[in-house]
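From first to last, the protein sequence lines stand for chains A and B.
Residue numbers for the first sequence follow my numbering, beginning at 1 and rising by one.
Residue numbers for the second sequence follow my numbering, beginning at 1 and rising by one.
Bear in mind the hints are in silico, worked out from the structure with no lab data behind them.
All values derive from a computational prediction rather than experimental measurement.
We treat Cβ as the ideally placed atom computed from N, Cα and C, and that holds for glycine.
Each hint should be verified, as a subset may be incorrect.
[Stated by the list, open to error] Derived, one-sided and incomplete: chain A residues facing chain B with beta-carbon distance under 8 Å:
(1) F152
(2) R218
(3) A225
(4) D229
(5) T233
(6) A234
(7) M235
(8) F236
(9) G237
(10) Y238
(11) K358
[What the hints assert, rightly or not] What the simulated footprint calls covered on chain B by chain A, stretch by stretch (three residues with Cβ under 8 Å from a Cβ of chain A suffice, anywhere in the stretch; the number is not a length):
(12) 88-94
(13) 101-110
(14) 114-120
(15) 123-135
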Amino acid sequence: MSADSALETITARVRSPFEGPNTTGNSNAFWTAFVLAVVGLFLVPAVSPGHVSDLTLFMSYAFLALSLCFIWGYCGILSFGQVAFFGVAGYTFGIVGINVGAETGALLGVVAALFVATLFAAALGYFMFYGGVRDVYVTIMTLVVALVLNTFMGQTAGSEWAIGDARLGGFNGMVGAPNRAIGTGSVAIDMTGDGLYYVVLALLIATYLGLRALVNSRFGYAMVATREDEDRTAMFGYNTKFIKLAVFTFGGTLAGLSGVLFMFWSPGGYINPDVFGITAAAMPVIWASIGGRTSLLGTTTAAVALQYLDQRLAASGSEYALVVIGALLLFVILVMPAGVAPYAERAVDWIRDGVSAKLRGDPESENENAPSNSEVTK
Amino acid sequence: MSVHDSTIKTTAAVDETGAGTNRILQTRGLVKRFGGLTAIDDVDFAVEEGEMRCLIGPNGAGKSTFLKLITGRHAPSDGSVYYDGADITDLDSYERVDQGISIKFQVPSIYPELTVRQNLRVPLQRVASRSEYDERTEATLEQFDLLEEIDTVAANLSHGQQQRLEIGMAMTLEPDLMLLDEPVAGLSIEETEEIAELLVELNDEGVAFVVIEHDIDFVASIADRVTVLHQGEIFTEGSIEDVRADPEVKRIYLGESGEADAEERAGPEADH
Numbered sequence: 001m002s003a004d005s006a007l008e009t010i011t012a013r014v015r016s017p018f019e020g021p022n023t024t025g026n027s028n029a030f031w032t033a034f035v036l037a038v039v040g041l042f043l044v045p046a047v048s049p050g051h052v053s054d055l056t057l058f059m060s061y062a063f064l065a066l067s068l069c070f071i072w073g074y075c076g077i078l079s080f081g082q083v084a085f086f087g088v089a090g091y092t093f094g095i096v097g098i099n100v101g102a103e104t105g106a107l108l109g110v111v112a113a114l115f116v117a118t119l120f121a122a123a124l125g126y127f128m129f130y131g132g133v134r135d136v137y138v139t140i141m142t143l144v145v146a147l148v149l150n151t152f153m154g155q156t157a158g159s160e161w162a163i164g165d166a167r168l169g170g171f172n173g174m175v176g177a178p179n180r181a182i183g184t185g186s187v188a189i190d191m192t193g194d195g196l197y198y199v200v201l202a203l204l205i206a207t208y209l210g211l212r213a214l215v216n217s218r219f220g221y222a223m224v225a226t227r228e229d230e231d232r233t234a235m236f237g238y239n240t241k242f243i244k245l246a247v248f249t250f251g252g253t254l255a256g257l258s259g260v261l262f263m264f265w266s267p268g269g270y271i272n273p274d275v276f277g278i279t280a281a282a283m284p285v286i287w288a289s290i291g292g293r294t295s296l297l298g299t300t301t302a303a304v305a306l307q308y309l310d311q312r313l314a315a316s317g318s319e320y321a322l323v324v325i326g327a328l329l330l331f332v333i334l335v336m337p338a339g340v341a342p343y344a345e346r347a348v349d350w351i352r353d354g355v356s357a358k359l360r361g362d363p364e365s366e367n368e369n370a371p372s373n374s375e376v377t378k
Numbered sequence: 001m002s003v004h005d006s007t008i009k010t011t012a013a014v015d016e017t018g019a020g021t022n023r024i025l026q027t028r029g030l031v032k033r034f035g036g037l038t039a040i041d042d043v044d045f046a047v048e049e050g051e052m053r054c055l056i057g058p059n060g061a062g063k064s065t066f067l068k069l070i071t072g073r074h075a076p077s078d079g080s081v082y083y084d085g086a087d088i089t090d091l092d093s094y095e096r097v098d099q100g101i102s103i104k105f106q107v108p109s110i111y112p113e114l115t116v117r118q119n120l121r122v123p124l125q126r127v128a129s130r131s132e133y134d135e136r137t138e139a140t141l142e143q144f145d146l147l148e149e150i151d152t153v154a155a156n157l158s159h160g161q162q163q164r165l166e167i168g169m170a171m172t173l174e175p176d177l178m179l180l181d182e183p184v185a186g187l188s189i190e191e192t193e194e195i196a197e198l199l200v201e202l203n204d205e206g207v208a209f210v211v212i213e214h215d216i217d218f219v220a221s222i223a224d225r226v227t228v229l230h231q232g233e234i235f236t237e238g239s240i241e242d243v244r245a246d247p248e249v250k251r252i253y254l255g256e257s258g259e260a261d262a263e264e265r266a267g268p269e270a271d272h
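This is chain B alone, in the form it adopts within the complex:
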């Protein structure tokens, strides 16, 4: 494999892949370059089973790019991604989903011309039989407070409803690892609180999360551990209290707003 020897910081093979540990996701020396720009630079990252991890960092830190490397939307320039102990670097997106990874994109990615029911049918038919469709659709919509909109065309939903619908669709696949890219962007305070409750509830059921979010209060309300990404590298990692208290973290958030907006400068390829 392309795990190059120079970047392996641990010697035990078991640690390299995450096999034999309870790490559900692990990256080793992950690099993504767009032309001459390094968006993700040698990232070693790990998430435990059932963990709730938040990924924060200033704009252009490479958070979305990192998520796309995990989902297979982008191929890494170097390094590897391990899921449940197995190397998934060369798998297509859809194969990774079959392994148990699910994602909510940054921009609400629902099917705008289909109704809410039809939207849910797309993930649902992968995991349920025809006779279960109605029951499971209603259960999901109940959970995400969308039951009244069951026959509404998705384009006519509010932004918050679209966010909830997409999380509901992603959760329908019953993933073990859920990736959320800004799940509460553009939501009201009440809606944000509802989503936080929902995520904690799902996390209690054993689903591991990696959540990208700017709203630090929201992060504090859900996260066990926080990873700060800066200029494509892991800046620091720790509990939310530690990270909040860290003056260096404050400095990168406030002081260097003109700094590398890596993703945006990389052009449309880095977009969703």
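Chain A extracted, bound-state conformation:
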């Protein structure tokens, strides 16, 4: 009994920073499933080596999904141009890496890429939020930024468009970013195959847990309050413009990290302007909408699952992948406006309460928590 309760105290203490009303999944059952899933993911290279490369790519994109979930789901900033930071980081990584070369180039490339993506987001965010741009205009501006970059990078085919040794290459793209290892001097970490997979997986878990702690902190409450009613929140003494700027900037860093990890995965260190295109720009919004934008885990899972679906459909040799995903998006938005995650949570609660009611022999409370449409569609 005392050993049990001691264990309970310890797990509760370990869990507490990651839990709160701003995240779904606050139970022992959730964390047990989470740990099992993580262990499962770490075993993938041993059990199913054929999936390592794909999963590495999908998990790299998950950072992009998390960046949008963070800024849109928790702070109400719907950016349609998170890919701008993804792509800018990817190109910066390539340009620095190609010029410096080898694993030192990769290391400096990562630092420069994250720095440039963050700075870019901060500058864009500053002009938007301190300039009084709100709501749908933020969405339009961010999309335009991505499309402008798409057009601009597309016309860099000529040989005059080179930074040092790095040829930008227009729509043909830029090749040769050193992405096989990262380090300096005698210390180098392998960034290919299983090595890259473990790095991406570890970073993803750390980012997920870090964001969970952040959204349940005081700052998290300020973010959610800003999302719900900006004027009201300002009149409680919060500097809402700064809050939005900070959130948007950090979202840019995360999207940049996604771009950098993509470059490590990308065969031959290749990137082209399609990363700024409208299709690419729409994907994070689709992942967050389907997964549930207020759920970090829902968005992450949706990102991985939808890319897998996209790839399967594309592999069967046709262009209808986007049509299928678009139809899925419409279906989810019509049936579950908040995305899948809140419904999944309700369903789990419902089943669990049903089971425990059965065990207690108490049939009345069985349907108490049944998922109801009206509750969510407010």
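With chain A's structure known, arrange chain B on it following the hints.
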């Protein structure tokens, strides 16, 4: 500063800012224009520390606009706002809140998707440490008769409960000056009486109030002094008895209903 010489009606510098007096709030030559429409026209206004002041006037008199100039939601076209002797005209809303001003908006502005407890957490975490949250949340809810609704999602509260919750949230910041825009609109007689009692109680503790209200009986039950705003200007100021007895005040309330509905005509910008 932009206190233009022509509008200064007193010469003493001390009077201009309210410094050295016990005026907690003072405006000088305050003007707000929306396009060609002057919603607030050269208003000099002052509230003493711990005073309970009501602001009345017909629809469109500019009352809400005036409050928004004090909170910093709108920037004035001309003139200055002083708080506790210091010029706050150029401060952002959130900085004014840090000085000790708090507001309840006209439309109940709570966070509809959060629970009552989470709603209170937003102002509370600015003034209290984590270990105090539960205790202070319960104390506030007790005071505002909402303890039973602690885990209710705010959207599911009644209108009166939402009004009380917002006043409770605004009071959590422990302001020295509280601005209330129609705190009893849509409330029952009993609820109105409860709010009146609560405000008088808080006022006795030293909080100064500026209350916009249409309900004259409610005004009479709480106010020391009443300021009547009409067409963006101060029409008259005095005790509630004097103002009530003033035939001119009756005339602007009853006679000129078609008169300038300044805020509404100014379009969405003038809205909450």
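Hints versus structure:
no.: 1; hint: F152; verdict: violated (36 Å)
no.: 2; hint: R218; verdict: holds (5 Å)
no.: 3; hint: A225; verdict: holds (5 Å)
no.: 4; hint: D229; verdict: holds (6 Å)
no.: 5; hint: T233; verdict: holds (7 Å)
no.: 6; hint: A234; verdict: holds (4 Å)
no.: 7; hint: M235; verdict: holds (5 Å)
no.: 8; hint: F236; verdict: holds (5 Å)
no.: 9; hint: G237; verdict: holds (4 Å)
no.: 10; hint: Y238; verdict: holds (6 Å)
no.: 11; hint: K358; verdict: violated (26 Å)
no.: 12; hint: 88-94; verdict: holds (count 3)
no.: 13; hint: 101-110; verdict: holds (count 5)
no.: 14; hint: 114-120; verdict: holds (count 3)
no.: 15; hint: 123-135; verdict: holds (count 3)
Hint check: violations occur at hints 1 and 11; the rest are consistent with the structure.
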